[in-house]
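Undergrad: Let's have the full structure, built from the sequences with the hints guiding it.
In mature numbering (1 follows the signal peptide of the UniProt record, and there is no 0), the protein residues as written are -19 to -1, 1 to 131.
Source of the hints: derived by calculation from the structure; they are not laboratory data.
Hints may be right or wrong, so weigh each one.
[Claimed, not checked] As a list, the in silico DMTMM-like pairs of lysine to aspartate or glutamate whose alpha-carbon atoms are at most 20 Å apart:
#	residue 1	residue 2
1	Lys78	Asp122
2	Lys78	Asp110
3	Lys126	Asp83
4	Lys78	Asp129
5	Lys126	Asp110
6	Lys126	Asp67
7	Lys126	Glu82
[Said to hold, decoys possible] If you anchor each label on the Cβ, the simulated ranges turn out as follows:
#	residue 1	residue 2	range
8	Thr53	Gly85	46 to 52 Å
9	Phe28	Ala75	38 to 44 Å
10	Asn31	Ile118	41 to 47 Å
Yeah, the Cβ is synthetic: ideal placement off N, Cα and C, and Gly gets one too.
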Amino acid sequence: MRGLAAALLVLASAHMAAAEERRLPVPAVSIRVGEVIRDDMITERAFAPNLLGVAMFIEGRQVLVGRMARRTLLPGQPIPTNAVEDPWTVARGAMVKVVVEDSGLSIVTYGSAMQSGAAGALIPVRNTDTGVIIRGIVQPDGTVKVVDGS
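TA: This is the structure in structure tokens:
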């Protein structure tokens, strides 16, 4: 009788563990830093909740596709939320159009991006004419709009 009870207990705990496991998207291949993630690079894998700890991992493949790896992502490993970012619109060192707008006046010049950034990111840009470093927000078209006070 004890053997049967023990077997039922093991089966019940195995069933509960299977019910509690989480399926997360994981790389099917190594994904290098700066590489844009495609759908065919992602698969799913089941994880026991106690193996995941308290870290925050991406839970849906739709969040990954089209984003860029901030660090190397290894096959079969869960992907932390801070390991991916939106692809860069502007790359460090690239020449960018810098736009200053104030009271209906628009001034356009060019500068060198001192940092890579996606649309909406605040980045420093060195004005190629004066050498002055200004800060601006990357626009979806790749221009940088100067923020007030820069």
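Undergrad: State for each hint whether it applies.
TA: Consistency of the hints with the structure:
1. Lys78 <-> Asp122: Holds - the C-alpha atoms of Asp122 and Lys78 are around 10 Å apart, at most 20 Å.
2. Lys78 <-> Asp110: 12 Å, holds
3. Lys126 <-> Asp83: Roughly 11 Å separates the two Cα atoms, so the pair holds.
4. Lys78 <-> Asp129: Given pair Lys78, Asp129 holds - Cα atoms ~17 Å apart, limit 20 Å.
5. Lys126 <-> Asp110: 17 Å, holds
6. Lys126 <-> Asp67: 19 Å, holds
7. Lys126 <-> Glu82: 8 Å, holds
8. Thr53 <-> Gly85: 46 to 52 Å: 48 Å, holds
9. Phe28 <-> Ala75: 38 to 44 Å: 40 Å Cβ-Cβ, so the 38 to 44 Å window holds.
10. Asn31 <-> Ile118: 41 to 47 Å: Taking Cβ atoms as reference, Asn31 and Ile118 lie about 43 Å apart, which means the hint holds.
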